[in-house]
Amino acid sequence: MEVNFWNPEVETMERSQLEALQLKRLQAVIGYALKTPFYQKRLSRAGISRPEDVRSLQELQKIPFTVKDDLRQNFPAGLLAVDMEEVVRIHSSSGTTGVPTVIYLTAEDLNSWTDLLARSIITTGCCRKDIFQNMMSYGLFTGGLGLHYGAERVGMTVIPVGGGNTQRQVQLMRDFKTTVVHVTPSYLLHIHTRLAEFGVKASDLHLRRAFLGAEPYSENTRLKLQELYGIDAYNSYGLSEMNGPSVAFECVYKKDMHLWEDAYIVEIIDPATGQILPDGQKGEVVLTNLVRHAMPLMRYRTRDLAFLHTEPCPCGRTHRRLSRIQGRTDDMLIINGVNVFPSQIEEVIMAIPEVGTNYMIHLTSAGALDKLIVKVEIYSKMFTGDLNSLDALKGKIRDRLRASITINPHIELHEPGSLPVFEGKAKHVVDNREKL
Amino acid sequence: MIWNEPMETMPLQDLKNLQSERLVKLARYVYDNCPVYKQKFETHGISPSDIRSLDDITKLPFTTKMDMRDNYPYGLFSLPRTQIVEIHVSTGTTGNPTLVGYTRDDVDLWGEVTARCLCCAGAKSDDIIQIAYGYGLFTGGLGFHYGAMKMGLTIIPTSSGQTKRQLKIMQDFKPRILCCTPSYCLYMAEECREMGIDPRSSSWNIGIFGAEPWSERMRAEIEQTWNMLAVDVYGLSEIIGPGVSQECTYKEGLHVFSDVFYPEIIDPETGKPVPDGQPGELVITTLTKQGIPLIRYRTRDIVSITHEPCRCGRTCPRTSKITGRTDDMIVVRGINVFPSQIEHVLLGIEGTQPHYQIVVDRLAHKLDEVEIMVEVDEKMFSDEIKQMKSLEHKIKKEIEAILSIGVTVKLVEPKTIQRSEGKAKRVIDKRQL
Amino acid sequence: MKITQISVFLENRKGRLYEICSMLGQAKINIRALTIAETETFGVLRMVVDKPAEAIELFRKNHVTANQADVVAVEVPDRPGGLANVLKMLSDRQVNVEYMYGFVEKFSENALLVFRFDNPEKGGQVLRDAGINVLAGKEIQGL
Chain B
1 MEVNFWNPEV ETMERSQLEA LQLKRLQAVI GYALKTPFYQ KRLSRAGISR PEDVRSLQEL
61 QKIPFTVKDD LRQNFPAGLL AVDMEEVVRI HSSSGTTGVP TVIYLTAEDL NSWTDLLARS
121 IITTGCCRKD IFQNMMSYGL FTGGLGLHYG AERVGMTVIP VGGGNTQRQV QLMRDFKTTV
181 VHVTPSYLLH IHTRLAEFGV KASDLHLRRA FLGAEPYSEN TRLKLQELYG IDAYNSYGLS
241 EMNGPSVAFE CVYKKDMHLW EDAYIVEIID PATGQILPDG QKGEVVLTNL VRHAMPLMRY
301 RTRDLAFLHT EPCPCGRTHR RLSRIQGRTD DMLIINGVNV FPSQIEEVIM AIPEVGTNYM
361 IHLTSAGALD KLIVKVEIYS KMFTGDLNSL DALKGKIRDR LRASITINPH IELHEPGSLP
421 VFEGKAKHVV DNREKL
Chain F
1 MIWNEPMETM PLQDLKNLQS ERLVKLARYV YDNCPVYKQK FETHGISPSD IRSLDDITKL
61 PFTTKMDMRD NYPYGLFSLP RTQIVEIHVS TGTTGNPTLV GYTRDDVDLW GEVTARCLCC
121 AGAKSDDIIQ IAYGYGLFTG GLGFHYGAMK MGLTIIPTSS GQTKRQLKIM QDFKPRILCC
181 TPSYCLYMAE ECREMGIDPR SSSWNIGIFG AEPWSERMRA EIEQTWNMLA VDVYGLSEII
241 GPGVSQECTY KEGLHVFSDV FYPEIIDPET GKPVPDGQPG ELVITTLTKQ GIPLIRYRTR
301 DIVSITHEPC RCGRTCPRTS KITGRTDDMI VVRGINVFPS QIEHVLLGIE GTQPHYQIVV
361 DRLAHKLDEV EIMVEVDEKM FSDEIKQMKS LEHKIKKEIE AILSIGVTVK LVEPKTIQRS
421 EGKAKRVIDK RQL
Chain Z
1 MKITQISVFL ENRKGRLYEI CSMLGQAKIN IRALTIAETE TFGVLRMVVD KPAEAIELFR
61 KNHVTANQAD VVAVEVPDRP GGLANVLKML SDRQVNVEYM YGFVEKFSEN ALLVFRFDNP
121 EKGGQVLRDA GINVLAGKEI QGL
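Residue numbers (the working numbering), protein chains in the order written: chain B, 1 to 436; chain F, 1 to 433; chain Z, 1 to 143.
These aren't lab readings, by the way, just hints derived from the structure by calculation. Even for Gly, the Cβ is constructed at its ideal location relative to N, Cα and C. Please note: incorrect hints may appear among the correct ones.
Said to hold, decoys possible - Over the 12 Å line for every Cβ pair with chain Z, so calculated as not near, a few chain F residues:
(1) Lys-25
(2) Asp-55
(3) Lys-124
(4) Gly-152
(5) Ser-201
(6) His-307
(7) Glu-384
(8) Gln-387
(9) Glu-413
(10) Pro-414
(11) Lys-415
(12) Lys-425
(13) Leu-433
Unchecked claim - 27 Å max Cα-Cα, derived DSS-like pairs, lysine-lysine:
(14) Lys-61(Z) x Lys-379(F)
(15) Lys-410(F) x Lys-396(B)
(16) Lys-394(F) x Lys-410(F)
Unchecked claim - From the structure, some residues in chain F lie toward chain B, with a derived Cβ separation under 7 Å:
(17) Pro-35
(18) Val-36
(19) Met-66
(20) Asp-70
(21) Thr-82
(22) Gly-122
(23) Ile-156
(24) Pro-157
(25) Gln-171
(26) Asp-172
(27) His-344
(28) Ala-401
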């Protein structure tokens, strides 16, 4: 198998050297972290007031974990370690409700990230001759612009379509002989079901590779996609707090994802005790970003469950491999690649006066895609008997939810008292999706 | 601040020499590299050696949107596809979209001209900019993104839509510069008040507005409502996207960056040049683009031009705002809409020549709304509401897929749509710009 | 067994229903039963008239979008549970009711309802087999 490298020296670096590089970068990051009031307090309590106070990678454990709530409490600029003038990019996952996440990047941070993205792309065997259709949405969400920069750096031909509009996606794939796509696995499956409608066969396409991400899926789904399109499909991992895509990417052997350890320190912990688990054991992924100075994040608890492989990869890269994400430690839902907390939905619908006291969130599969059904009881005093006004209410709930969670839900109105009532802890979410 | 002082303030004679030199090279370049242009030159009976200076430009044939459509996708490329690093498409008149491809140098040029626009509007290198033009295939978002990157601004790439979030981001990060369509900016004011914020207290000081026609009346309203400077930007994806011309803070016309985009104003009927100050069709030649250079591209936009130097010190010529079109294209929320596209969709669904009408309206402080009225004949009619609804839905979805903006479809009874002299009027534009 | 229903496409605008009805009135066509299904932007007027062929011709001449569908007119006992009983027979035989509405007047002592079935032929037969009176087109004209 042909193995290509973007930065062979770093990608195949001896572990001891790699760890020395991590320590050097960690100290630099601590230097920046100490410029933020948040980390200054945290670190000084852990006895760290200068970068040199952490003398080995083991001593990273002196630093307490950072959690999502810390980001919320320090929003928007409490974790900013440089002057705003040095920031060239702000990305935010914030909607109008829920926990806003913001990241800041300096020109150098952006450069390091772009380099990781280019490395990830080359790792899958792509080259500058490829035609890359980016189906992840552009804008504040980093999935779109991130890979855009990486592909640009590699020198591929980029078609920045963003998400949605299947007809146009298919037309462009066919007309421009697209060879690589970046997409959620469910959307790629969905496109296949609609090809015939546009008079296109999978064999008419020139697709050779797909970068899959933003939602969990199984090995069987990968195999199915590879079969349907005759392509190689690669798994990727990232989260907006760590810039977005390219924390970890699969190589041509497709034996789980190389986590770029020159840029991130990864720890797997027991989510209950915080104890570090040995390689091979499943636990919560904790990440420290080593190449972002505008906004350092140290020992950030991702709430994703996974494990690290123990044996080396035949491709020759020394960076350890992270398994697929096996679950979450919280109730976050991933719906068609978008992260949604049930509390966001509740906040929106309960603010609408015509809505009664109970609601349910149902998730089902509609073909390859997820379907979000929000069932709400209407408030009996607001019922006028007019069909059009019920339709308008449905529209209002749908629009408000879409504005908040960016997903278009299906709304069902129910009579007061007809939805299940729970004694004790309410179970508002029913997930009946077929596992991808 | 002037981004590229040597180019933007070049003495007129030097500028003309530079343009001449570039045009001569361009004629040779497209003739040698693009078979479509070679053919065009030959049918026109000219050879690159006939082009010896800028004055010879009128000897060259025009390029039209039809040429782009007929040679879709790669026919107008002057370089092999592997040199192209980015592709954008915009709406075409029917069926095929209009394709634009950029080499690495073209992307660099794009960033250069949008950086010029930003400076022209008054941006400084330590500014924070909120880019609320759509990102993706639409050129507005990424175009300004590249210019802002070049200038080293702090970019918040919000892309379009999600108004509440746009406003929340404005409050959280205090950007001084906003880029979006002018109608969207006015729309946001209403939402802003609903959130209990006085628009006049916003952090936005400068708004760079474009992608749709707008008037001095709208400018006054935006400036008054938001307490900001509102300036106009012009561009079209066939040429490069935003960045063809830009108003400076004096607001006395749009500076065309004529060292790279050479403008002519012609009579759309005869193709002959019209004098300065007279309205005519804007024609642009891309003097330095590599991927898809265009010679004398007919924009179909009506403007007038002046070559008087501007108080800001820039020597490049200025055009008026767009005062009309030579075709029936309308611009809705920054998207170009051709009635022929709608017709194409309806023909596909009904299999017959459809009777339809496009009504565009803008209620106070609301976004433009497009309503497509379709006459229901007996073939389409079913007594089942479900089927009528699904027909309505299908028409809506297919039109939205082509235009990428939301529309409403209204099924109407036959003969509802007014016809004048037997010919239906396809577009009713009720907007007051 | 089946009778003809006429459906008319109506825009939701003032006076439109009146126009349609007066068109019929002037042509001396009598409406026996009618219902309107409405959405936000348009409605469908469904009706049974005494002279369906003439009505269709009239609409065609006046550029009113209309078409025909087969429905079944059923005499339903006018007592509690009368309709339920009829519906049960249909559902037992897997006949689906797409919509239904009542006649303007009563027929003998019973209520007269118009049914649109997914399968009008079968629906009519099921009821007739059960001894329910299903009216023929001629009888409608005579009402």
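Against the structure, the hints come out as follows:
no.	hint	in the structure
1	Lys-25	holds (58 Å)
2	Asp-55	holds (59 Å)
3	Lys-124	holds (50 Å)
4	Gly-152	holds (51 Å)
5	Ser-201	holds (39 Å)
6	His-307	holds (53 Å)
7	Glu-384	violated (7 Å)
8	Gln-387	violated (10 Å)
9	Glu-413	violated (6 Å)
10	Pro-414	violated (5 Å)
11	Lys-415	violated (5 Å)
12	Lys-425	holds (19 Å)
13	Leu-433	holds (27 Å)
14	Lys-61(Z) x Lys-379(F)	holds (16 Å)
15	Lys-410(F) x Lys-396(B)	holds (20 Å)
16	Lys-394(F) x Lys-410(F)	holds (12 Å)
17	Pro-35	violated (19 Å)
18	Val-36	violated (17 Å)
19	Met-66	violated (18 Å)
20	Asp-70	violated (14 Å)
21	Thr-82	holds (5 Å)
22	Gly-122	violated (17 Å)
23	Ile-156	holds (5 Å)
24	Pro-157	holds (5 Å)
25	Gln-171	violated (9 Å)
26	Asp-172	holds (5 Å)
27	His-344	violated (13 Å)
28	Ala-401	holds (4 Å)
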